Amino acid sequence: MLFTKEEKLAIIFIIACSLVGAGFFYYKRAQSSAFEIFAIKNIPEEQKQVNINAASIRELISLKRIGPVLAERIVLYREENGPFQSAEDVKRVKGIGEHTYRLIKKRITLE
Amino acid sequence: MKKVYLLYVAVFFALGEIIGKSAEFLKDRPLILLFLGFIFFIMLLASVRKEPLFIISLFALFAVLGTMRYDAFNATPKNHIKNLVGRKVILEVEIASDPLDGSGLKAEGKTLILPGQGEKQVCGKMLVRIRGSEKNAYRYGDILRVEGTLREIPRYPLGKSDYRKFLANKKIYAILSLKKESVKKIGEVRSSPAKFVRFIYIVREKLGARVRVFFNRPYSGVVEALFLGKRGDLPKPLKESLSKTGTFHILAISGLHVGIIYFILRLALKVMKVNPKAAIILSVLFLACYAVLTGARPSILRATVMFSILSLSGLFGRKTSVYNLVGISALLILLFNPNQLFEIGFVLSYGAVLSIVYISPKIYRLLGGAKSGTVAAYLKGAISVSFAAWVGLLGVVAYYFGIIAPVTVIANILIIPLLFVIMGAGILFFIPGIFCKYMAVIFAGSTTFFIFLLVKIVEFLRNLPCAYFNVYGWDAKNAITYYIMLLGIILIFGGAGRKRKKN
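Quick note, the sequences are listed as chains A and B, same order. Numbering-wise, the numbering used here puts 485 at position 79 of the first sequence, and it's gapless, one number per residue. Numbering-wise, the numbering used here puts 334 at position 333 of the second sequence, and it's gapless, one number per residue.
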């Protein structure tokens, strides 16, 4: 026998992958939107709105000047005092002053 | 009993660790443990001719060793970083992780600089966040001088626990948030192990860059997760679908992937007519390097140790028992890092293997006869393995993740063969593709197509009626009750299957 069973298996697999790959390559050239999975929205992280009444600590950390400590304080404030009634209420959280509020106000929302 | 003695040793060692974690009175009291160990050792010597007592003493001794190991591993000396939390510090630290891993930069404290008073040796790991710095600005093994305030890890929820406890299990108790200007590289670690790990991480970075050249998003994220263990770029909708169908282990590089790579590697070495003994040694070395490259998670370590021992036992002409393989791999991992026992990855990894090994033969017997080598026999085998893994992990998954996904059984049967094909196509991209750009393009195309199929199958399964149920109220009591019932069912029906086989 020229090839063993394993060698035949390997050859068949390599040829099959090459044919599938070549087919994919030419089909994609013809139809560029083919094989798209999930609409990848290229919204930069810095522009996404953050709901300060529902955001997790991880989401809050994406705000400028808000690190893990301030994020935790926001969540604790929410738990103790209920949801924020206005964006400016976030200044009541210890460590968030006027300057930090001005940096984050365009990205925070209440809904 | 002889066939599974290493498994029992590992179980008792683990039990000892659990006692060490829960028994407050044993903390920092090594003399009590030494005394207990001495008592059991004397009992062992006295019972050499009385097997039941000998075995009890032996296992009790391993339990004490487990407690001692846990205690010793988790003891924090006075100069640990943990004792500096809340203070502003100037430290020399060594980077102890891959900065591009996506799971946060970890550093090991080396020296505390006290201005005007000299230096003091410190130890312990911390999480480091450097604002304004590129991720690839530093590498594993770099020594940095940093100035900042050490803070406690925030307590945000993470599964059944919180982030602080999660990191405490990894012996990380503090976080250092720094501006780029407060960090200065002052050197690098020059030891051979550090250079080797650094080299592996550079290889990982280069392979990741190559993937991003030839694959579009989100396929590049999937390939990096499957082959390099980097999950940072996985699309959220895919992660969610995989969680809901109970197939997240497909993309969380695990023993399954190591097994597939091992199988392909041995096949390739056989085709290349490599000497069988050399093939075994090459496979073991490759698996060890691959474990480091992919982040050395418990499931990868388990599979690497198991396949290495399996290969080496073949080299020495020794037979192996799966239970002993599981036992020895667990024991080695727990000796090295006892805290792994309390990580969900460890529990799921070993739970899956033991469920498959113990339960699937019983289900196979219950499913009736099928001629060997036929499609029916293959399906019977696949159903019994998939069902065994699902039923064995159901209690743990429901407890940790609040979900029960019956669709997992079908999902595994469909997806795992496809995973073999994806891994094979991906290996063709990484290896032959390195030498020829056109081959890289072709094999990237085939890998992309197979991943596309995988995603479509997962989405289809997720939308089936009764694919999954949320069970957020599932607590430890429910999990224990479930496993007691499961054991009862296995003992009743497993016995019935054996009787049918005899008849």
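Please keep in mind that the hints were generated in silico from the structure rather than gathered at the bench. Any given hint could be a false lead.
[To be verified] Just a few of them, taken from the derived set where beta-carbon distance is under 10 Å, the chain B residues facing chain A: (1) Ile176; (2) Phe436; (3) Met440.
[To be verified] Cross-link-like lysine to any residue pairs, in silico, SDA-like; alpha carbons within 25 Å at most: (4) A:Lys414 with B:Leu85; (5) A:Lys411 with B:Pro418; (6) B:Lys457 with A:Leu425; (7) B:Lys180 with A:Lys411; (8) B:Lys22 with B:Lys237; (9) B:Lys438 with A:Ile463; (10) B:Lys186 with B:Gly149; (11) B:Lys237 with A:Glu478; (12) A:Lys497 with B:Pro155; (13) B:Lys274 with A:Leu415; (14) B:Lys363 with B:Asn340; (15) B:Lys237 with B:Lys180; (16) A:Lys414 with B:Pro433; (17) B:Lys171 with B:Leu101; (18) B:Lys166 with A:Leu415.
Computed from a prediction, not measured in an experiment: that's the story for all the values here. Quick reminder that beta carbons are idealized off the backbone N, C-alpha and C, glycines included.
We went through each hint and held it up to the structure:
no.: 1; hint: Ile176; in the structure: 7 Å, holds
no.: 2; hint: Phe436; in the structure: 14 Å, violated
no.: 3; hint: Met440; in the structure: 8 Å, holds
no.: 4; hint: A:Lys414 with B:Leu85; in the structure: 63 Å, violated
no.: 5; hint: A:Lys411 with B:Pro418; in the structure: 19 Å, holds
no.: 6; hint: B:Lys457 with A:Leu425; in the structure: 21 Å, holds
no.: 7; hint: B:Lys180 with A:Lys411; in the structure: 60 Å, violated
no.: 8; hint: B:Lys22 with B:Lys237; in the structure: 35 Å, violated
no.: 9; hint: B:Lys438 with A:Ile463; in the structure: 44 Å, violated
no.: 10; hint: B:Lys186 with B:Gly149; in the structure: 15 Å, holds
no.: 11; hint: B:Lys237 with A:Glu478; in the structure: 24 Å, holds
no.: 12; hint: A:Lys497 with B:Pro155; in the structure: 21 Å, holds
no.: 13; hint: B:Lys274 with A:Leu415; in the structure: 15 Å, holds
no.: 14; hint: B:Lys363 with B:Asn340; in the structure: 33 Å, violated
no.: 15; hint: B:Lys237 with B:Lys180; in the structure: 30 Å, violated
no.: 16; hint: A:Lys414 with B:Pro433; in the structure: 18 Å, holds
no.: 17; hint: B:Lys171 with B:Leu101; in the structure: 19 Å, holds
no.: 18; hint: B:Lys166 with A:Leu415; in the structure: 49 Å, violated
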